[in-house]
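Protein chains: 2
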Amino acid sequence: MAVSTGPLQSLQRRFADALEREIERWFARVAPEPVFPGMMRYQMGSVDETLQPTGRTGGKRFRPMLCLLCAEACGGIPERALPVGAAIEILHNFSLVHDDIEDHDPDRRHRPTVWRVWGEPQALNAGDGMHALAHRALLALEASAEDKLELAVAFADMALQLTRGQFLDMSFETRTDVSADDYMEMISLKSAAIIAFSAWAGAVIAGAPARIRAELYTYGRHLGRAFQIEDDIQGIWGNPEQTGKQPAMDIVNRKKTLPVLMALERGRGRDADVLAGFYRTRGGDVQPVLQLIDSLGVREQTESALGHELSLARAALDRADLAETDRERLVSLARELTGGSTG
Amino acid sequence: MAVSTGPLQSLQRRFADALEREIERWFARVAPEPVFPGMMRYQMGSVDETLQPTGRTGGKRFRPMLCLLCAEACGGIPERALPVGAAIEILHNFSLVHDDIEDHDPDRRHRPTVWRVWGEPQALNAGDGMHALAHRALLALEASAEDKLELAVAFADMALQLTRGQFLDMSFETRTDVSADDYMEMISLKSAAIIAFSAWAGAVIAGAPARIRAELYTYGRHLGRAFQIEDDIQGIWGNPEQTGKQPAMDIVNRKKTLPVLMALERGRGRDADVLAGFYRTRGGDVQPVLQLIDSLGVREQTESALGHELSLARAALDRADLAETDRERLVSLARELTGGSTG
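Residue numbers (my numbering), protein chains in the order written: chain A, 36 to 378; chain B, 36 to 378.
Because the hints were derived from the structure by calculation, they are not lab data.
Do not rely on the hints blindly, as some may be mistaken.
[Stated by the list, open to error] Only some residues are given here: those of chain A computed to face chain B with a beta carbon under 10 Å:
no., residue
1, Ala63
2, Arg64
3, Met74
4, Ser130
5, Glu155
6, Gln157
7, Ala180
8, Met193
9, Thr198
[Stated by the list, open to error] Pairwise CB distance ranges, derived in the manner of DEER restraints:
no., chain 1, residue 1, chain 2, residue 2, range
10, B, Gly154, A, Leu325, 24 to 34 Å
11, B, Thr85, A, Thr211, 47 to 57 Å
12, B, Ser330, A, Thr89, 45 to 55 Å
13, A, Thr89, B, Arg91, 26 to 36 Å
[Unchecked claim] Partial chain A-side listing against chain B, Cβ under 8 Å, derived:
no., residue
14, Lys183
15, Gln201
16, Gly273
17, Gln277
Being a predicted model, the structure only gives us computed values, none of them experimental.
Using N, Cα and C, we set each Cβ at its ideal position, and we do this for glycine too.
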């Protein structure tokens with residue numbers, strides 16, 4: 036694997052430390068007792084199970100980095116977006132803590148999930164605390180009262196979309212009539228809304244005109260969909276050493292991700308019976324299902340859908356009249372986040 | 036039981052319909068599909084398990100009613116506080132949905148809890164959606180941008196206190212070193228913070244001076260503690276037909292409520308062994324523990340603590356220089372909410 040020199044790494048070099056300080060500033064205010072904020076820090080990757088510092092962070096922090104990059108691309112000072120970036124990252128991690136409880140996922144980022152370390156009730160509380168803290172952190176932004184209120188309203192609307200997307204995702208597991216359209220709506224809520232908000236908020240903080248804000252929202256929305264489709268690809272065909280999850284976990288959990296829905300649509304005769312039978316039950320052997328999904332050509336079809344979203348993201352950037360270097364950074368970021376080195 | 040003619044009923048007559056409309060306005064915006072907002076409506080009492088209207092509401096809505104009353108007592112228009120009242124009630128119910136998951140409580144308000152009807156993962160999502168919606172509903176307040184931001188910051192801080200209080204409450208179940216002081220801090224966060232916010236927010240909306248706002252916060256804080264102590268009394272000695280819960284559920288769940296902590300402090304010799312043994316295990320017979328708690332005189336001691344909080348609440352009102360009728364309504368409300376007809 037080549038050493039990454041993409042825009043994300045460049046952003047991380049410039050802003051990662053400041054972002055972590057901004058996030059930690061909020062955790063330090065949560066409580067005098069160590070465990071409640073400790074669970075939050077553990078989720079963010081900065082401490083281990085015994086609450087000792089790890090000296091690193093978990094996750095790429097790409098949503099806040101996108102927010103800072105969009106602020107800069109619109110002529111703003113990226114550092115001013117740090118409180119919003121912290122709010123976005125804390126909100127994102129709240130949703131991961133609760134998703135892991137709901138899915139009973141044992142591992143995340145190569146470590147036991149919060150519920151496995153502290154139990155489901157306290158993991159639920161840690162997530163709730165992070166959710167409240169995210170709304171609080173956003174309001175620390177230095178901006179006009181009107182801009183802050185516009186951002187707070189959009190942030191709350193987005194958080195609601197996020198939770199509704201998670202509801203839909205879970206409901207798909209027991210439904211047998213889920214279409215690819217249903218799926219795209221679900222990921223627009225669950226995954227794309229927070230990424231679209233991140234890009235849009237950067238433009239708002241930079242004082243960009245309404246038309247540019249809207250185009251960056253559209254860019255973020257398609258990038259978010261592409262990112263989720265890439266995640267679905269990783270959830271089936273990803274290398275466990277890179278994902279930090281067990282292999283084919285999305286199949287084990289009967290998650291109705293895009294490749295699975297495509298396979299269910301494509302499978303005929305005995306193939307359809309094998310798939311339907313597997314998705315009607317719990318347990319059972321994953322290998323035959325994996326082989327079947329591969330043989331139906333679903334991986335190529337999924338990658339084509341991903342490419343389509345990336346092209347729509349790029350078209351929105353073209354309409355936004357950004358400087359060429361800024362446009363190129365946002366295109367490269369989209370490419371980097373979705374695993375592609377070209378396209 | 037005499038027919039209630041207290042201030043709460045009077046407030047409900049005036050504002051209950053408008054409050055329910057304000058709450059429903061938000062649920063109607065949540066999603067086109069019925070189940071996600073349906074779980075929220077079920078929690079609020081307005082629909083049954085099949086999502087058909089019940090024609091009533093669940094709960095007294097006393098927190099928003101307190102907010103409206105405080106706005107009026109400070110010379111404001113109570114209706115203007117309705118968006119904040121809706122936010123408070125939605126936030127309160129989010130916390131109940133998650134508490135019921137954590138405690139595995141089977142019933143609330145004479146009906147199965149949300150997790151029992153829709154399963155834990157979706158109940159968790161419904162609660163998360165209500166949490167996001169509460170922050171959104173607050174921002175619909177018609178007020179100056181500065182006032183809205185002050186309320187939004189305090190609301191997010193309060194939501195964080197609420198979740199931290201719930202964390203502490205759960206952690207007490209497995210700790211053996213919990214003091215009555217620890218307990219009072221916990222209920223100040225878990226129960227009193229939202230009630231203190233409700234009273235304070237009413238004063239803010241009415242444009243009351245800072246000193247009056249602070250006294251109403253103090254009033255709400257002590258009222259909230261008194262209310263929780265009364266809830267603890269009901270959780271052990273309450274009539275299941277009135278509480279809608281199974282009898283002595285707090286003992287069954289090993290909740291370290293004030294009466295239990297007092298009993299653990301008072302018990303000596305064999306009594307101490309019986310109590311310690313029960314609280315070290317799960318399961319076991321509740322009756323001997325109930326009898327022991329009664330024999331230790333703990334009920335009287337708990338009621339004395341409740342009376343102390345009520346007197347502190349009244350003292351804050353005395354310092355707030357309200358009109359005599361307004362002061363009297365707030366004193367009566369505190370009395371009504373804590374089960375006392377005198378004192």
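Here is how each hint holds up against the structure:
1. Ala63: violated, 13 Å
2. Arg64: holds, 9 Å
3. Met74: Holds, because the Cβ-Cβ distance from Met74/A to chain B comes to roughly 8 Å (cut-off 10 Å).
4. Ser130: holds, 8 Å
5. Glu155: holds, 8 Å
6. Gln157: Since chain B brings a Cβ to about 6 Å from Gln157/A, closer than 10 Å, the hint holds.
7. Ala180: holds, 4 Å
8. Met193: At about 8 Å, which falls below the 10 Å cut-off, the nearest Cβ of chain B leaves the hint on Met193/A intact, so it holds.
9. Thr198: Since the shortest Cβ distance to chain B is 4 Å, the answer is holds.
10. Gly154/B with Leu325/A: 24 to 34 Å: holds, 28 Å
11. Thr85/B with Thr211/A: 47 to 57 Å: Since Thr85/B and Thr211/A have Cβ atoms about 21 Å apart, the given range 47 to 57 Å is violated.
12. Ser330/B with Thr89/A: 45 to 55 Å: Holds: the Cβ-Cβ distance is about 52 Å, inside 45 to 55 Å.
13. Thr89/A with Arg91/B: 26 to 36 Å: Given range 26 to 36 Å: violated, Cβ gap about 52 Å.
14. Lys183: holds, 6 Å
15. Gln201: holds, 5 Å
16. Gly273: With a closest approach of 23 Å, the Gly273/A hint is violated.
17. Gln277: violated, 27 Å
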